[in-house]
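Peer 1: So you can see what is in the structure, the chains are spelled out below.
Number of protein chains: 2
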Amino acid sequence: MPPRGRRPAGAPDAREQILLAARARFAEVGFERTTMRAVARGANVDPSLIHHYFGDKEGLLVAALVLPVDAEQVLAGVDADPAHAGEAIIERVLGVYDSDAGNRARLLGLVRVGLSHEVASAALRDLLGRTVLTAVTRVVAPDHRELRASLVGTQVGGMILGRYLLGVPALRDVPAEQLVSAVGPTLQRYLTGPLHPPSSP
Amino acid sequence: MPPRGRRPAGAPDAREQILLAARARFAEVGFERTTMRAVARGANVDPSLIHHYFGDKEGLLVAALVLPVDAEQVLAGVDADPAHAGEAIIERVLGVYDSDAGNRARLLGLVRVGLSHEVASAALRDLLGRTVLTAVTRVVAPDHRELRASLVGTQVGGMILGRYLLGVPALRDVPAEQLVSAVGPTLQRYLTGPLHPPSSP
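First to last, the sequence lines map onto chains A and B. Note that the numbering used here has the first sequence beginning at 1, numbered continuously upward. Note that the numbering used here has the second sequence beginning at 1001, numbered continuously upward.
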């Protein structure tokens, strides 16, 4: 247990305490209504320390927004078998959230913040953009790389929204394998297939 | 301009004013922090009138949660050509939100409310479930109807999230036609195709 009273400025965990308090506050009341003062109170530090570490509220937001899981670690090696990378991606993602309610809760907080204000949306968009592009970069076909990566993001994001954040029964209550079978080919086409319908006139 | 002061209980637009005020309040501070008193103030009515019309806060939420567009109207006739229903669905949806910033703003409010609290998530889930199932009911293959409809929902929802709510550049800045070409076949497979990869061992 840390001692009562405000932490000294140099306490090694002060920065992490600030980020924890910021994440909680942002998730609860959104970007606009979060004040540096409230975060400082939550972290039990002096507000000046937040300015010292993060500059302004936007800097604090960017530092506080992190994915619940290390995407690079989760997706390491999905390019080993490029023809099945689509299945591998959705399988790994579902594994991470199926197995850990804490990950799901942190994800919900992240999305709430990201939709709370234009500044937060921009930060979340950048975070997701970097993550998805990094995740698929060794698999994705050379044409339309960003569009392909973003399409993967729409399907994975929509699945996360439906299965975990909204809890749609038909998505929530089926085994992950069934969703991997259904969604894997979609991701595979976005990664390496033709982006136009095969039968267009 | 309506006269100043509280509306009389029987004013024909009082119910609609309450719903407008409730939507704004729910979107701003979420389900839990919204009070009947604040909604009554916003609608310029007596709080008892809200109870009269909607019972409790949950009843008010369910009545206030509506899609920005009439989904049945938007998707009318997509089953005319069942083999291209997937393309038709995404084309109609993009048309509705590309053309009207007000629709996009109302959608953002709806999703914010839906993620603000478990009660609101349940209400949004039911609303989306009914909508999607109604929209695809005449096209979807007889096996796994709910799963198929829900899969359509994940891809359409993820696209809406990326293009409009987060504004991912590769999705936001391309012509709708390009997204229709890319996503149409996905929806088509979810509606009528095999839900397993063709090449599974």
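Each hint should be verified, as a subset may be incorrect.
Taking beta-carbon pairs under 10 Å as the criterion, some of the chain B residues facing chain A (in silico) [said to hold, decoys possible]: (1) Ala1063; (2) Val1066; (3) Leu1067; (4) Leu1124; (5) Val1132; (6) Gln1178; (7) Leu1179; (8) Val1183.
Derived, one-sided and incomplete: chain A residues facing chain B with beta-carbon distance under 10 Å [as the list claims (entries may be wrong)]: (9) Met36; (10) Ala38; (11) Ala40; (12) Val119; (13) Leu128; (14) Leu171.
These are calculated hints, taken from the structure and not from any lab test. Note that CB positions come from ideal geometry on N, CA and C, so glycine has one too.
Peer 1: Evaluate each hint against the coordinates.
Peer 2: Verification of the hints:
no. : hint    : verdict
1   : Ala1063 : violated (19 Å)
2   : Val1066 : violated (17 Å)
3   : Leu1067 : violated (14 Å)
4   : Leu1124 : holds (6 Å)
5   : Val1132 : holds (9 Å)
6   : Gln1178 : holds (7 Å)
7   : Leu1179 : holds (8 Å)
8   : Val1183 : holds (7 Å)
9   : Met36   : violated (20 Å)
10  : Ala38   : violated (15 Å)
11  : Ala40   : violated (22 Å)
12  : Val119  : violated (12 Å)
13  : Leu128  : holds (7 Å)
14  : Leu171  : holds (5 Å)
Hints 1, 2, 3, 9, 10, 11 and 12, counting from the list given before, are not met by this structure.
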